[in-house]
Amino acid sequence: MKQYIHYFRFFLIVIAVLLFVFLGLRLLVKNEEFIRMNDQTLTTERVFDYADKLSDEEENALRELIKETERKIGCDIVLVTENKSLKEQADKDRGYEAYIEDYIMIYADNFYDNQIFGFDKPYGDGAIFVDNWFREADGYQYYWFSTSGKVMDRYSNEMIEHMNQVILDGLSVSPYQAYENYVKQLGKDMSAGALSGLSIPSYIIVLVALLITAIYTAVFLIQNNGRKTTVATTYVNGGKPNLNQVQDIFLTKHITTRVIETSSGGGRQGGGGGHISSGGHSHGGGGGRR
Amino acid sequence: MIYKCNNCGGNVIYSPEKKAMHCSHCDSLESQNPTPQNSLEQCANCGAPLKLEEFTSAYKCEHCGVYFILDEKVSGVYLPHLILPFQVSRAEAKEKLKQEFKKRIFTPLAFLSEASLSKMEGSYVPFFLYDYTSQVDFEGKGSKVRVWRTGNKEHTETSIYSIQRNMTIDFDKIPVDASIKMNDSVMDLMEPYQYQSLEAFQEKYMSGFFSEFYNKTAEEMKNRAMDKAGRDSETLLQETIQGYSSVTTLHKDIHLMEDKIHYALLPVWIYDFRFRSKTFQFHVNGQTGKVIGKSPISISKVLLYSGSLFVFLLSIGFLIRGIMEVFS
Ligand SMILES: [Zn+2]
Ligand SMILES: [Zn+2]
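Chain order of the listed sequences is A and B.
Numbers given in the working numbering equal positions in the first sequence, counted from 1, plus 7.
Numbers given in the working numbering equal positions in the second sequence, counted from 1, plus 752.
Hint data in this document are derived by calculation from the structure and do not stem from the laboratory.
These numbers were taken from a predicted model, which means no experiment stands behind them.
You may find that some hints are simply not true.
The following residues of chain A were derived to be distant from chain B, with all beta-carbon distances above 10 Å [claimed, not checked]:
hint, residue
1, A68
2, K195
3, D255
4, I256
Looking from chain A toward chain B, a few residues come up when the C-beta cut is under 10 Å (computed) [as the list claims (entries may be wrong)]:
hint, residue
5, I22
6, S163
7, V215
8, N231
9, S285
Listed next, the in silico DSS-like pairs over lysine-lysine satisfying Cα-Cα at most 27 Å (straight line) [unchecked claim]:
hint, chain 1, residue 1, chain 2, residue 2
10, A, K74, A, K60
11, B, K770, B, K803
12, B, K770, B, K812
13, B, K848, A, K235
14, B, K905, A, K235
15, B, K905, B, K974
16, A, K9, B, K1046
17, A, K9, B, K848
18, B, K850, B, K770
19, B, K933, B, K1042
20, B, K871, B, K803
21, B, K871, B, K770
22, B, K771, B, K871
23, B, K893, A, K260
24, A, K235, B, K850
25, A, K9, B, K854
26, B, K770, A, K235
27, B, K803, A, K235
28, A, K260, B, K905
29, A, K235, B, K893
30, B, K855, A, K235
31, B, K855, B, K1030
32, A, K247, B, K1012
33, A, K74, A, K191
34, B, K812, B, K1042
35, B, K846, A, K9
36, B, K850, B, K1030
37, A, K235, B, K812
Note that the Cβ used here is the ideal one computed from N, Cα and C, for glycine as well.
Next comes chain B alone, as it looks inside the complex (with noise of 0.2 Å):
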């Protein structure tokens, strides 16, 4: 689909900001045409051929720059169920990076100044979202130790428990990026998003920005979803185990019961950056604004904060103690 405004003609995408299709040309809003993108060899505004990835669900067509989503690649077997539109537009997107970049005190100062942004780009990620029940049984020993003291001997009290738990979690959208070339570890620091804003699947909220349908299929993603639900299960069991000095397991089951699965697309800010020749991503959370990547480290900087910290507190130190010996 291509969405053209019924007043100029123009690409009509959706706005964060305005929480509206808007026409960047003419300033309308809600004055979209879908045309159809059926082809994946030639762009459906000016003819120009496509060079499209494997799992490209949406794109900006590099001839006439028109963000186009191709119709069969979100329909049938790829419909997503649900999609969270972007709420961060881009302009706060890059508020949130400099914020971020000020928080982080050893990224060399140049950073800021001299890196060129080679990629900057908003993209739906695709994402199972796994519902679980999880069935937690524990039994187990426990001990609690007390030591008292009369006159010059020490008693060492040990009394042993015996601990039953048995619980139910319910699991709600546990999420896994269904996308190989996004990075595991930073999509799970990108977390959480806040579900509420999720929307039943529409194509407008697409325009405008880029997008993946899955790259593998539920089944294939289970795996990461069960390892998150049992190690949160394994934690939440423990929290319920307090007051012990130690505690021995003698029965553990944790059962995860599979309810449901949504295919959604989740909404990330790419960034590119050049610097000294080298390349740093970053992401921000399209709904959040929560920025995840590594920014250089400049070693003198670390040396030098770090240094300068040390020398800090010692003065303070020294001075306190200074001030209460005059004091005495």
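Next comes chain A alone, as it looks inside the complex (with noise of 0.2 Å):
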């Protein structure tokens, strides 16, 4: 015992410290929770279940997260549920007949700038998920996840493309889930640590640990003969071969080149689906159909 606490004092002296500085930290910071600054917004409302597609309990529970979540990354989120053809309402935004796949960003938007929402200020900061059940003119029903503020800075191209997954994932197994796993991920892709960029996946640490482990185990096990002390220099005399001709002469050389496919977006941070809606507001997001 005495032998182990002294072998491994400098990892509890540092887990000390560390475990010090971060409670004390976690408790300088934990209430501080964000405040809603904008009293404009129309409605106290989150959930908006138009399309009948949760139960009482399951809004509820869903109204409870967000406002939860709301507080922690300071951003309105807000879900919409629809069952009807968005077309008039994109017509009449447009001045023109709008393209089909563009009704439920354009509702989206619009639906978000009615009510004005956004937690810092009016159209501020926020996400709006809209569900349209209703199968369009060609058969599909469409989705859209709409960003706003530090939501839309944050949300590049392929972090659209996950939440949408990940809100389909949910989906086949209930709309319930589906709306739960939005709520979350957002909550996850704008909380302080995946903000900062510097949050570090646990596999990665796990990874880092496992690894460091192995070389110690393998390296003290291996030593426990003893090690190797001499080099191929050992025994030259002066230290070192002399060299009696030491040549690199250059021949020749050829070139290939060949053309890089490169994927679009890639490198670009936050902002994805950029755009300005009707009401001059600007948004970002994605979304499909199925």
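Assemble the dimeric complex from its two separately framed chains, guided by the hints.
The structure is reproduced here in structure tokens:
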């Protein structure tokens, strides 16, 4: 036991110090929740289940989750289910016949703007997910994830795609699961750690720890006999060989060229799918059909 | 030869601490009076019969405890050219072992306290030291690859070079032990000895220690020295060929010329520990104090220490992440 503590004293001290710092910071920061600054929003409701896909209990559960998440990340989180064609509204908004793929985006943006959502200010930070169960003229059901303010800044095309995938995965279980996934994923993506871009994935930590441990164990097991302390020059007079001839003569060279297939949006940080709604507010986002 | 004290008649032995001949009975220095030990059957001190092994050249009489050197085994064809006198004393060797066990964290704690020392002796091991001149000639082709991008195009430039190397390596005293008893891999790990302390052979340095004369001739042991010289030559050649992404050999010749062979005695402390009905042998370099030997491994200690390290690393990793997240 004495040997053990002595051997690991460095680790124990470091862990104690880190734990102390961590807990201290936690206590200081824990109470720091975001405070909503926008008093112009027309509603306190966040869950608009027009398509009636959720039971009352499920709706309440989502409201609770949203309330809690909003305070943590400082964003409005809105969920809308619909079961009607969005064509008429889209055409009116555009003043001409809108593309069928655009109906839902126009609807989502307008919904957000009309209710004057935004956590920090009107039309500010927040996100809205609209799920339309109605089959439009092309036979598809459309959904759309729309971002505003800092959520828009944060979300790259890849992240929007991922968000939609997470929601679709949930949908194969139940509508409730899908919408819960939406809120939770948003909470994750907008959390302080994720925002700073410094968050290290857990598996990396486990992997690194595992690797170091494996090397440590192997080294000590191998060295159980004693380590080699001679090198190639140990018995060389003067410590190095006499180089009589060292020549590297360039003979020829050839160049080959190939075209790189670039994936679009590579390296782009946030702001995915940006556009400006008819109300003049910018939104990002993306969706799909099923 | 038996070295007896002029003052008290006790056995005078070489002391690494005092770097001198020392009589432990009366504490006299350099008071030795050499008495020949010519017989291989009888102790010249007490007359007791000797049971010697085939290659023994220095031994301790089991009856009277006197150290003697068999004169005919260190003269004539058996005369060593060089000897490296012990520099690590018995007490220092023991201390080195203790320190080493502390470092070997997987050794059971009970090993130090429970193990009994069944043998502890200083021994001069017969070595042949080979001098070689190595002539290395190499010719090959190397390629260097450079990759860069312009727009959406990736360019790969491959340059071919002709590589020529010629070097002479002067190997000085590559050691090979000439004792069958001594495990070759253990002796290899025991290296290196610092040759500046080598001295012309003097028999008195052997007093107080065990020894063998060479079990095999220099000619028979040569291959191991040539292997070492060849391997080191190859390594040194490779070190001069750097910066290529690939090298093909067109011609390579490593030619070893034998210059001189020295017969030398080098010092080793040998310890046999009995621990839980097994013997663990340790060797301590009698000059540098380097410890070689397999210690027992406690599986529970391996699990405890590796497991602890893993848990500690995980804790540190997650705590650092946690702190970083709070800060941002
Ligand atoms: Zn004396
Ligand atoms: Zn005797």
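Tested hints:
A cut-off of 10 Å between C-beta atoms confirms that A68 (chain A) is not in contact with chain B; the least separation is 27 Å. Distance check on K195 (chain A): its Cβ is at least 12 Å (rounded) from any Cβ of chain B, clearing the 10 Å threshold; non-interface status holds. Separation of D255 (chain A) from chain B is inadequate, the least Cβ-Cβ distance of about 5 Å not exceeding the 10 Å criterion. The non-interface label for I256 (chain A) is inconsistent with chain B: the shortest C-beta to C-beta separation is roughly 4 Å, within 10 Å.
Below 10 Å, beta-carbon pairs count as interface contacts, and I22 (chain A) has one with chain B at about 5 Å; its hint therefore holds. For S163 (chain A), the interface hint is violated, since its Cβ never comes within 10 Å of a Cβ in chain B; the closest pair sits about 19 Å apart. The interface hint given for V215 (chain A) is met, as the beta carbon of that residue sits about 7 Å from the closest beta carbon of chain B, less than 10 Å. Hint on N231 (chain A) holds. Least Cβ distance to chain B is approximately 6 Å, under the 10 Å limit.
Hint on S285 (chain A) is violated. Least Cβ distance to chain B is approximately 36 Å, over the 10 Å limit. Restraint check for K74 (chain A) and K60 (chain A): the C-alpha separation of about 20 Å stays at or below 27 Å, so the hint holds. Between K770 (chain B) and K803 (chain B), the direct Cα distance comes to roughly 32 Å. Violation of the 27 Å bound is thereby established for this hinted pair. Taking the CA atoms of K770 (chain B) and K812 (chain B), the gap is about 21 Å. The hint holds against a cut of 27 Å.
A C-alpha spacing of about 17 Å is found between K848 (chain B) and K235 (chain A), which places the hinted pair at or below 27 Å, so the restraint holds. Simply put, K905 (chain B) and K235 (chain A) have alpha-carbon atoms about 49 Å apart, too far for the 27 Å limit, and the pair is violated. At most 27 Å may separate the alpha-carbon atoms for a hinted pair to count; K905 (chain B) and K974 (chain B) exceed this at roughly 59 Å. The suggested pairing of K9 (chain A) with K1046 (chain B) holds, with an alpha-carbon distance near 24 Å, which does not exceed 27 Å.
Our distance criterion of 27 Å between C-alpha atoms is met by K9 (chain A) and K848 (chain B), whose separation comes to about 21 Å. With a CA separation close to 23 Å, the supplied pair K850 (chain B) and K770 (chain B) stays within the 27 Å bound. The straight-line distance between the Cα atoms of K933 (chain B) and K1042 (chain B) is roughly 20 Å, inside the 27 Å bound, and the hint therefore holds. Pair hint K871 (chain B) plus K803 (chain B) holds up; C-alpha atoms about 18 Å apart against a cutoff of 27 Å.
Taking the CA atoms of K871 (chain B) and K770 (chain B), the gap is near 24 Å; set against the 27 Å cutoff, the hint holds. With a CA separation close to 24 Å, the supplied pair K771 (chain B) and K871 (chain B) stays within the 27 Å bound. Restraint check for K893 (chain B) and K260 (chain A): satisfied, since their Cα atoms lie roughly 13 Å apart, inside the 27 Å limit. For the hint pairing K235 (chain A) with K850 (chain B), the CA-to-CA distance comes to about 20 Å; that is within 27 Å, so the pair holds.
Between K9 (chain A) and K854 (chain B) the CA atoms are separated by roughly 13 Å; this keeps the pair inside 27 Å, and the hint holds. For the hint pairing K770 (chain B) with K235 (chain A), the CA-to-CA distance comes to about 30 Å; that exceeds 27 Å, so the pair is violated. As the CA atoms of K803 (chain B) and K235 (chain A) are separated by approximately 36 Å, the hinted pair breaks the 27 Å bound. Distance restraint check for K260 (chain A) and K905 (chain B): the Cα-Cα separation of roughly 19 Å lies within the 27 Å cut-off, and the hinted pair is therefore satisfied.
A distance of roughly 33 Å separates the Cα atoms of K235 (chain A) and K893 (chain B); the hinted pair therefore is violated under the 27 Å criterion. About 16 Å separates the Cα atoms of K855 (chain B) and K235 (chain A), which keeps this hinted pair within 27 Å; it holds. For the proposed pair K855 (chain B) and K1030 (chain B), the alpha carbon gap of about 22 Å is at most 27 Å, so the pair holds. For the given pair, K247 (chain A) sits about 20 Å from K1012 (chain B) by alpha-carbon distance, which is consistent with the 27 Å threshold.
Restraint check for K74 (chain A) and K191 (chain A): satisfied, since their Cα atoms lie roughly 12 Å apart, inside the 27 Å limit. Restraint check for K812 (chain B) and K1042 (chain B): satisfied, since their Cα atoms lie roughly 25 Å apart, inside the 27 Å limit. Restraint check for K846 (chain B) and K9 (chain A): satisfied, since their Cα atoms lie roughly 23 Å apart, inside the 27 Å limit. Restraint check for K850 (chain B) and K1030 (chain B): satisfied, since their Cα atoms lie roughly 19 Å apart, inside the 27 Å limit.
Distance check on the hinted pair: K235 (chain A) and K812 (chain B) sit about 32 Å apart at the alpha-carbon level, beyond 27 Å; violated.
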